[in-house]
Amino acid sequence: MKKKTLMGALSLMLVLLLVAAGCGTGTGSSTPASQSPASSTATGSSEASSATTGGENLAATQEIQLDWPATNFYSFDINATYCAEESIVFSHVLEGLFRSSADENGKQIYVESGCESYTVSDDGLVYTFKLRDNKWSDGQKVTAQQYVDSFRRLGDPRNAFDYSYFIDDMVGGKELYTMSAEDGDAAIEAAMENLGAKAIDDNTLEITLHSPAPQIISKLANIQMFPIRLDIIEKLGETYASDVNGHVFNGPFIITNYVKDNSMILEKNPDYWDAENVKLTKVTLTNVEDPSTEDIMFKNGELVCINPDGDYAKAYRDGSDAGDYTVVTPASAGVEYFFFNRRTASPSGVMESQKCRLALSLAVDRVEYTGSVLGSDIPAYGYVNNAFDVGTTNYRENVPEPLLDLQNEYNCDPEKLQALFKEGLKDLNDTRELSDITIKIIATGTTARHKQKQEYFKQIWEQKLGVKIDMTVFGDNTLYREARSNGEYDMGYISWAGDYNDPMTNMDMFLTTGQGTKFAGWSDEGAAEYDKLMAPLSTTVDPLERIKIYGEAEKWLVAEEVALIPYLYTEEVFCLNNKVKDFKFPSFGLRYDFTHAYVTE
Amino acid sequence: MLKYIVRRFLEMIVTLFVIATATFFLLAAVPGDPLSDRVEKLPEETRINMYKKYGLDQPVLQRYVTTMKSMLKGDFGESIRMPGYDITRLIRETMPISARLGIQTILVGVLVGLLLGILAALFRGSWVDYTIMFFAILMISVPILIFALLLQKYVAGDLGLLPVIGWPSGSEQWFGGWEYTVLPTLSGCFTYIAMYARLLKTSMLDVVNQDYILTARSKGLSEPKIVFRHLLRNSFIPVITVLPMSIAGAITGSFFIERVFSIPGFGRYFIEAVQARDVSIVLGQTVIMSAIYVVLIFLVDILYTLLDPRIRLSGKG
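Chains as they are written, first to last, in numbering that gives the first Met the number 0: chain P, 0 to 600; chain C, 0 to 316.
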């Protein structure tokens, strides 16, 4: 009896072994749904296609596959979303008043998509948008009221959406999103009614601002401000945010398949108003997490566009001469900077001295850091990158970077820098020697790139200023934030990417109402002073005038008060397969715009 | 026997309760909460509203009571990081994928490992033994990630024999789409091959020196009979002991393999949920993982008696 059991078990194991061997060598005949052979698009078809665009032959199959960090895709509720990966999807399957894109020169533009045209009143306060005739995928018309519904829902304090402050510029916006959920339904609904957004008729939307804010256009290109369908939200209930089933679309593509944290398939929306100019029939978004996998798939043509970083970015730049792909670096919207603890008594005791802060800032050799240390990104002598416009006027072209002159004057010379630092100590009545001063920097990040940064700044400040640097690195973000909110630091650094195309998205950080006082160690007194510099904006409409005001404020922040040490503008590197054309890389809102992209042979 | 099963069952419930409680308070003790990452850019008012929405403004004990109450009803609560998802839905959608990969990996890994172990033991001291043990040590020392990346680069990338990434879905979820599963299965099974080959060999060498094997030989039993009836059966006890750990580990997914081959499995959530302090998901995972372990260990205890009648189950200590 016992023997039989054992022999039975053994023979079962043998059978299983055979099955397993079958698993190992067998090849299925059919293609799994999650991984259709998108590579065919890149290799192209040998048949000559009759369709041509500007003398180029269109490939027979207009399908592409992109790498897409699906793990950052959290919600199908556009008002609730807060990640770049959500923007890429929604900007292509939904349509708001404007679409973030880039022109032939790669410059950020806002294309009128959901609106045909718009007018602004002379005082810059009333925007009237004329909507295009467009339909949702269930046949219903896109109406102005659906926009109003969206703005109100976004600001509703009961929903507690991350981007509720996007309605800040509208009349009654701040009053709405700063309410508490406990203020009662009646009060909240009254505030929603009072929001400065009105549907004049089905095709006319009017937005009223409390003070001039040309950045409203770029804010409206963010998916949180796209129209919504209250009837669908009600019908789907709890699954509206988590499930794609039942959703309707009004953009150039529709979502046909979604595997959570893995992949998504977009197909062309035949009912889209501009469908004849949408050439791609299918876009597969796949989560390829490992850079080496991405490399294999880009080289064999399965992925048409990738966003490499670190050593891979460098290798791709060096190898772009072969002509298989083009390296694109869109104008940057991100900046990295150090902030000072001005809220509590800092451990070193020197953070209150403007001269000490300035010496720290000028000791950083930005060209050396981005050039020979990192081999990437752009040296920053200001707080606002070259991507930013006010209206359609570029900011940086009109305002020189505030730190440039000072940096030239000091030229990272240790003697001059130490003299400046000592003056600062004198002002504070601090009699310590430089070598007795320890500055505590808190940081997170343990990747090679982070380590490089932490080591560089420790070394440069110890060398140039003769002070000691205590670099405390937290393996865990949450622990880092804990130390920061307890004020156990002198300095920390941060990487910031603008949400919309206006210097305000960086500059509002240091206002009293901004977040700088909460997590970048910024003092209330400093904020109050800065508020005054920024105040004239509320009555200024002219872009050049606004640029001037921003310019003064930036100069004060970076070179006079020294509220922060900007050291680099981040630079994104994209590689695009040369067979794919009209694939755009906007600087704001979303990474890719492939609405009008197509594949050539 | 019945008494024993009832007792073990009650013990399981207590174990799970203790584990859930410990996990909850450990998570509460670690600084930070699931929202702190998201709210730092936000205005104060929005921040307060968000904390209220998820009940994170409540004191820890009150949250514990609420959590435990709903857990009794089988509701672990909605994920904060992934709206609309709770652990049940996450498992429903991702577990079959991880489970298939895990089962394939375990089958190949354990069976090949056991075969190699038997060979190494039977030919101990010969070149067969040395070769097998050399590769076993190599397979244990090299991280899974390296195998996965190398296989992917050479087999799928350069040679183009198999797909680089992907996983069967829909009707092919359990059977079919085999070409997608080859590399992930191979990458994962090396560790098991090495582990089980070494384990079984060591165990067999212990047994082979026992008196009863000598007795069997002197009785004139044939070599296959000695190996199958006496040697193997007695050597399997340590194998059976570690097997449930391997199975539970494998079917709940491998973070690295799923990552490299873009497999939409369960593995990643273990790490991500903890990093994000996504309490409901972490609790759910821990309790369910523990349940799988406890059940498997229970099954193994019963298996022991089949393999070795000297081990007896009893309701007493």
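There may be inaccurate statements among the hints.
To be verified - Pairwise CB distance ranges, derived in the manner of DEER restraints: (1) P:S210 to C:V64: 42 to 50 angstroms; (2) C:I139 to P:L427: 57 to 65 angstroms; (3) C:V294 to P:E192: 54 to 62 angstroms.
To be verified - Short, incomplete list of chain C residues facing chain P, as computed with Cβ under 7 angstroms: (4) T14; (5) L26; (6) A27; (7) G31; (8) E44; (9) M49; (10) K52; (11) P58; (12) Q61; (13) T65; (14) M81; (15) G83; (16) Y84; (17) T87; (18) G156; (19) R258.
Just so you know, these hints were derived from the structure itself, not from any lab.
Since this is a predicted model, take the numbers as computed values, not measurements.
Ideal Cβ placement from N, Cα and C applies to all residues, glycine included.
Taking the hints in turn, this is what the structure says about them:
Here the CB-CB span from P:S210 to C:V64 is close to 48 angstroms, well matched to the stated 42 to 50 angstroms. Evaluation of the 57 to 65 angstroms hint for C:I139 and P:L427 yields a pass: the beta carbon distance comes to about 59 angstroms. Range check, C:V294 to P:E192: Cβ separation about 57 angstroms, and the 54 to 62 angstroms hint holds. For C:T14, the shortest C-beta to C-beta distance to chain P is roughly 29 angstroms, which exceeds 7 angstroms, and the interface hint is violated.
For C:L26, the shortest C-beta to C-beta distance to chain P is roughly 11 angstroms, which exceeds 7 angstroms, and the interface hint is violated. A hinted interface residue such as C:A27 counts as satisfied when its beta carbon comes closer than 7 angstroms to some beta carbon of chain P; here the least separation is about 13 angstroms, so the hint is violated. Interface restraint check for C:G31: the shortest CB-CB distance to chain P comes to about 2 angstroms, inside 7 angstroms, so the restraint holds. Restraint check, C:E44 versus chain P: the minimum CB separation of about 4 angstroms is within 7 angstroms; hint holds.
At a threshold of 7 angstroms, the smallest CB-CB gap from C:M49 to chain P is about 4 angstroms, leaving the interface hint in force. Because the closest C-beta pair between C:K52 and chain P is about 5 angstroms apart, less than 7 angstroms, the hint holds. Because the smallest distance between the Cβ of C:P58 and any Cβ of chain P comes to about 18 angstroms, over 7 angstroms, the interface hint for this residue is violated. Residue-level restraint check for C:Q61 is violated (minimum Cβ-Cβ distance to chain P is 18 angstroms; threshold 7 angstroms).
For C:T65, the suggested interface contact is broken, since its CB lies about 18 angstroms from the closest CB of chain P, more than 7 angstroms. Proximity of C:M81 to chain P holds as hinted, the smallest CB-CB distance being about 6 angstroms (cut-off 7 angstroms). Using the Cβ-Cβ criterion of 7 angstroms, the hint placing C:G83 at the interface with chain P is satisfied: the shortest such distance is roughly 2 angstroms. For C:Y84, the suggested interface contact is upheld, since its CB lies about 6 angstroms from the closest CB of chain P, less than 7 angstroms.
Annotation: C:T87 was flagged as interfacial toward chain P, and the flag is violated, the nearest CB pair being 13 angstroms apart, outside 7 angstroms. Interface hint status for C:G156: upheld, as the beta-carbon distance to the closest one in chain P is roughly 4 angstroms, under 7 angstroms. With a least beta-carbon distance of about 5 angstroms to chain P, the hint placing C:R258 at the interface is held under the 7 angstroms criterion.
The structure shown violates the earlier hints numbered 4, 5, 6, 11, 12, 13, 17.
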